[in-house]
Amino acid sequence: MAMNYNAKDEVDGGPPCPPGGTAKNRRPDNTAFKQQRLPAWQPILTAGTVLPTFFIIGLIFIPIGIGIFVTSNNIREIEGNVFMYYGLSNFYQNHRRYVKSRDDSQLNGDSSALLNPSKECEPYRRNEDKPIAPCGAIANSMFNDTLELFLVGNESYPIPIPLKKKGIAWWTDKNVKFRNPPGGESLKERFKDTTKPVNWVKPVYMLDSEPDNNGFINEDFIVWMRTAALPTFRKLYRLIERKSDLHPTLPAGRYYLNITYNYPVHSFDGRKRMILSTISWMGGKNPFLGIAYIAIGSISFLLGVVLLVINHKYRNSSNTADITI
Amino acid sequence: MTECLQWARYHWQRLMGGRNRDDNERPYNYSSLLACGVKSSQTPKLAGKHRVVVPHLRPFKDEYEKFSGTYVNNRIRTTKYTLLNFVPRNLFEQFHRAANLYFLFLAVLNWVPLVEAFQKEITMLPLVVVLTIIAIKDGLEDYRKYKIDKQINNLVTKVYSRKEKKYVDQCWKDVAVGDFIRLSCNEVIPADMVLLFSTDPDGICHIETSGLDGESNLKQRQVVRGYAEQDSEVDPEKFSSKIECESPNNDLNRFRGYLEHSNKERVGLSKENLLLRGCTIRNTEAVVGIVVYAGHETKAMLNNSGPRYKRSKLERRANTDVLWCVLLLVVMCLTGALGHGIWLSRYENIMFFNIPEPDGHVISPVLGGFYMFWTMIILLQVLIPISLYVSIEIVKLGQIYFIQSDVDFYHEKMDSTVQCRALNITEDLGQIQYLFSDKTGTLTENKMVFRRCSVAGFDYCHEENAKRLESYQEALSEDEDSTDTPSDSLSNMAKPKAPSCRPIHNGPLGSKSSNHLAGSCLALGSGEGASEVPHSRQAAFSSPIIGLSSLSGMPIKSLEDIKNLFQRLSVRRSSSPSLASGKEPSPGVPNPFVSRLSLFSRMKPAFPVEEEASHMSESPEGPRNSPCPTEVEKQNTDPGLPEGKVAPSPGQPLASTLCYEAESPDEAALVYAARAYQCTLRSRTPEQVVVDFAALGPLTFQLLHILPFDSVRKRMSVVVRHPLSNQVVVYTKGADSVIMELLSVASPDGTSLEKQQMIIREKTQKHLDDYARRGLRTLCIAKKVMSDTEYTEWLRNHFLAETSIDHREELLLESAMRLENKLTLLGATGIEDRLQEGVPESIEALQKAGIKIWMLTGDKQETAVNIAYACRLLEPDDKLFILNTQSKDACETLMSTILTELQEKNPAFPEQASLRDGLHQPAATQDSELRAGLIITGKALEFALQESLQRQFLELTACCQAVVCCRATPLQKSEVVKLVRNHLRVMTLAIGDGANDVSMIQVADIGIGISGQEGMQAVMASDFALAQFKHLGKLLLVHGHWCYTRLSNMILYFFYKNVAYVNLLFWYQFFCGFSGTSMTDYWVLILFNLLFTSAPPVIYGVLEKDVSAETLMQLPELYKSGQKSEAYLPLTFWITLLDAFYQSLVCFFVPYYTYRGSDIDIFAFGNPLNTAALFIIILHLVIESKSLTWVHMLVIAGSILSYFFFALVFGAVCVTCNPPSNPYWIMQEHMLDPVFYLVCVLTTCVALLPRFTYRVLQGSLFPSPVRRAQHFDRLTPEERTEALKKWRGAGMIGRGPSKYADHSAAKSEKTAMSGPPAAFVMMSAPSCAVEQGSLSVHETALDSDFCETKASGMAGPSDG
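Residue numbers (UniProt numbering), protein chains in the order written: chain A, 1 to 325; chain B, 1 to 1360.
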């Protein structure tokens, strides 16, 4: 630094400058910004000033909480579309190395990735010298139980409830993120030179009979590939569509659930569940949010009252500066 | 190529130089070794400590190559990097920082496959960004230097070319050692060179060194002896001598060497012969010199040290907390590792989700845990705030920018403003506890005004000067005007004149001063003369006239005195061209030996006239009162006025156009004063001095020798031959203590003459004491008459000393001692150094701010104490203790006595506790007790600084509001600072303006230089440079407070931010088997700190204003919060961390419970977490902010928008990228989901509720002073005044009805109206001084015989 100064001086000092002449004026600009006098909002947090905030929070949160709570509780009534989930517990789909074990390019239909999956898929990358499609541990461990629901009516034989397979994955996943590899006519042809994941019974192109729900774009597969955030989770399995406005989707009665058991969970102490639920504007049933809103709203309201008292008692001191040091 | 070599050599040299200065010549050896690979047998012996310079001309080619060829040429290169080495070198330097190493370590760690937590490349990002930012900063800085270097290197100068047999233009960079260079007036000197020729007939030339040391006066240099006599310009062709001189060094005031002619005759060289690079030639038409040092070996370049790096207290604090964070990180990682191990061991079989190694086997829980530890370190790395260091640097740059743009620091007269030389200790300004101040030039203006003198035992006061003092400013500006216009008749004068007559400390001149003279008689009766001087009745100027008129008959000696007096003025330039006697334009030519410092003043007695007057008329004049005398004088001067314009007769005439430049302001004051009494210094050349006496006409004194002033001898002498008596006379002026000891001792048989001398001496001493008591600076003047033989004898010895290269200083000192002894006292002078504007107010405010102020001065006790009162360092009712002892034991006893007494009276000072707590409970100490002041003299200080007494001394000083150390040497000053700093562990600030303050400035935590009259050494050594002492108030109280508060809050915020955010990841580990998964998209994770949340805290750190500047100035007490580090205590840190933990818990678990059991996927779960965290973190900052401007709003909005923008764009574009944390469409999905908003709002509110509530309660129930002061900013001016009064009233209870209350209230009113923070009412400095001076209290209190015996008995005004 000092060098700079000196160097500059040398330069500046070069030409003779008359003393007292108009030398460079070093007076800093007198602007609000430079003098740090910008107009500012100066919130002073005292009981008096923030009172309204607390009341407003209280007044807004409590109704919201009640609304949410009610909505959430109403989900109980099985009306409208019913969603059928399978639930797993103690399944750590969020394990770091498990989560990594996939190849998004392959799933997106990239031909080179199809035949040469990412290293992340190890050790489920190749089997018997063929690339696995889809590669990786996530795909390999796909849930493969089959659930069927029957209404046991008065008749002696149960009526199967129609379960819709499509529409359970995110639209973008199904249409953009997941794609079958390009090429040959049949799906099977497109997946030639690949092999099925080790644990799978059938290859990927035989997941479903409908061509637009087969291969990588099979929705069960897509749903599975969206790894759950927590070790106890559910995944959407089927939709039960409402048939008419007059009848409930699932009328009261006895139901019969048929499970084709393929998926072992004992090794990790897991549990399986099946959940039926409708959803509202705020998703599935969950009372927490509503209760939390009501609680926080009440606390805030209470604090408001406390502050009101404080403000009343200490008004002088908080508004003027005359307390002794 | 050669350039490269030289560059390398230069750096070698610097390396070597670091080890051993004297090795400087080594590069020579190295290079020769490098060049030919031969042993040093090649290098001749001269390689030792000296360098040999031979002309860079053909005939000397061989020799030249042998000697000078290897010296550095004149190209300079101050840049650190080149294009090629920038990247490696910059990286190398950056990795010297521990923080960067940490990141490098993390980045490398992430490349270990077993541990890898993120994508490898992503972890590099923060490191790369940080490195890039710093590299860009360094690069730009370097590029600027490069451009300046280039500009300088390409400046053109005239170098002698043998080919063309003349001087040709060459770039500076091509100048080499041994070149002959010819420079004209006003040109800048390209390299250090020895002066061989000057167009000045006397062989001198003047240079202006302001570029080098900032001193604005001209220095005189002279041609090497033997060359001055030549009439024609030195011909390089004929130059056959060799120069041998010392190796390059950075001592500006030393140059030793000799010039050896071809006939082996040697001529000594000194710094008088050396022209320094970077200086400007003034007043001399042309000069020729030979280059001896070039480029980086010049003194100017060697003196350049880089910027200062200090580590601030706050940063040290922060660093320890970073270590805590590291510990926390380790604990968290251990938890993770342990958890993972346990989790793994729960499973006996292989599960789907526990993927085996590629080779098929599964790692054991223990090993898994071990790997996990490292994975976690990578995952949680952000806990260590990397960006903190970068942010701190940026913030400090911003703070400095604002400090430097503060218009209140601007000083019109010097056109200068505050300079921040240290870039990284701004926040220390807000924590100062002890302030050490120099006196002269720092508290005072160092503009001297002659006030009184004592001649032969009679005291005279100088009324006219009082007048002059008042119109000082005016006169000054007029001077400038008048000198600027080329009023001079002689054309050749015009040129030199302009540059030389700078607005230095010229006194008033010209018509102005004579006007004052004329006017002064009127003012006499009422002026201070009457009030100020109870004892001295004789007005100085009553006598002079008479003296003058009767001059004819007077003894020669007094005459001489007069003139000597004048000579002392370092005259530089008299504008009167006529005197220059039509020779060349420049005033004079030094004689070889005068050369030392031609400028040096001689010390003569101040008022010869008076002296003689008093002699003559002795007592008769006794009680004359001031008013009388003026008539004559008036008459005398009046004519002078018009004459200035008209062609002056040689006699008195030009008074009006004379303008003196002196080496020291005291000297200028003396010369101006002399002129006021018609003893006008007409001209001064190295050989003679012409003094114009009103009655006698001009007399010419032949100047034989000058012994310049130095701080060891504390005096200077001049030897002249008296024109009338033809005797050799030595005049010595110096500090009274020194001179008194050198006076001839009365012989036992005491003749009447000697008796008379003794009486004079006694009386003078009395007057001296009196002067000192008035705060005047005293000088004694004495003389000695020598016989010619004595003188020749002395001269011969002195000559030897002068020409020796080694030990020259010692020899010269001895030689001076031989001359300066057995003196006869002539008299003494008292010069006033008035207080700078605003000093008392600043000191008062700083004291109120809880800063202990010590004044350390070299002046004598009385002067120091007086100034201390004047600047309100001491209050009239302070209890004063004086420590002035000659022995250690006495010192110890006295200290314990004082201490006991203090403690008795003031139970608030319990022994040890007072050391630390005394500072911290200023309210208690101020309320309960009287203030005490301690005066300690140099001698006693020496004892007090000894180890055994240190403790006691510190205890004692801790009880005192103010401490004054007088007669302190520069070394003592720095020791005092060191003692206080190290033992009390307090923040110290030292402020000074002169070279003698440098050591103290360097020792203190913060060194402040006043860019004043005494050059730039102090400024060069300082961290901050101010124009005036009064600016210190705002610098500390406002900017210091702000910088500290801002930075400490910002640092805390950084800790908070990182801990809060990282903990989200940590909590998640509990739900993913401690497997190191991050639920956030990696890019967001990295950018979160780097981008989305980095700008708001930086803006906060630069712009936050908790209290307005006006309020801070009006309530200095607010500063105490910084001293106590209230904003950033260890406790604060932990509370912040706790809050961070709480917020992260909320931020994690509210979404957790909301989404528990649902089908949400990992990264969709992370999204609301991240979003809520962003809002929490930013709103947290808003809660902490005390003022929000549009800049804040802009940045906050920018941060939030950039986050959403990034998330949305990335979510839309990134279909398969960034595995596995592919963010595709997640944000879009969430933006359509009401639950997402509900979760974010709820989370944010719950997380911030406690802090918000706490702040509110704090603001209502137990507001800190700062918080209360915030209310001031919203009040109208009237309310404000009222509130201030209340505040003060409350604070002052126990101190009785204090005048401060009204005082400050009044002040504040003014300020409020005038708006900007000029909170201090200006009081005219002189009036202050006088007011204080007239308090009888002080005189009694300070009576000289008082001190030792009953120090403790000293009391305030009541005793008086």
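To be clear, the hints were calculated from the coordinates, so they are not data collected in a lab.
Heads up, a few of these hints could be off.
Covered, in the sense of this in silico footprint (three residues per stretch, anywhere, with C-beta under 8 Å from a C-beta of chain A), are these stretches of chain B [as the list claims (entries may be wrong)]:
{"#": "1", "region": "871-881"}
{"#": "2", "region": "939-950"}
{"#": "3", "region": "1183-1189"}
{"#": "4", "region": "1229-1240"}
{"#": "5", "region": "1254-1262"}
DSBU-like cross-link-like pairs, simulated, lysine-lysine; straight-line CA separation at most 35 Å [as the list claims (entries may be wrong)]:
{"#": "6", "chain 1": "A", "residue 1": "313", "chain 2": "B", "residue 2": "238"}
{"#": "7", "chain 1": "B", "residue 1": "137", "chain 2": "B", "residue 2": "163"}
{"#": "8", "chain 1": "B", "residue 1": "939", "chain 2": "A", "residue 2": "34"}
{"#": "9", "chain 1": "B", "residue 1": "238", "chain 2": "B", "residue 2": "66"}
We treat Cβ as the ideally placed atom computed from N, Cα and C, and that holds for glycine.
Quick rundown of the hints versus the structure:
1. With a cut-off of 8 Å between beta carbons, the region 871-881 of chain B has 0 residues touching chain A; three or more are needed, and the interface restraint is violated.
2. With a threshold of 8 Å between beta carbons, the proposed coverage of the region 939-950 of chain B by chain A is violated, since 0 of its residues qualify and at least three are required.
3. Residue count for the region 1183-1189 of chain B with a Cβ under 8 Å from a Cβ of chain A: 6. That meets the three needed, and the coverage hint holds.
4. Beta-carbon proximity to chain A at under 8 Å applies to 6 residues in the region 1229-1240 of chain B; the threshold of 3 is reached and the given coverage holds.
5. Taking a C-beta to C-beta cut-off of 8 Å, the region 1254-1262 of chain B contributes 7 residues in contact with chain A, enough for the three needed, and the coverage statement holds.
6. With a C-alpha separation of about 98 Å, the suggested pairing of residue 313 of chain A with residue 238 of chain B is violated against the 35 Å cut-off.
7. With a CA separation close to 47 Å, the supplied pair residue 137 of chain B and residue 163 of chain B exceeds the 35 Å bound.
8. A distance of roughly 49 Å separates the Cα atoms of residue 939 of chain B and residue 34 of chain A; the hinted pair therefore is violated under the 35 Å criterion.
9. At roughly 20 Å between alpha-carbon atoms, residue 238 of chain B and residue 66 of chain B fall within 35 Å of each other, so this suggested pair holds.
The structure fails hints 1, 2, 6, 7 and 8 (numbered hints given earlier, in ascending order).
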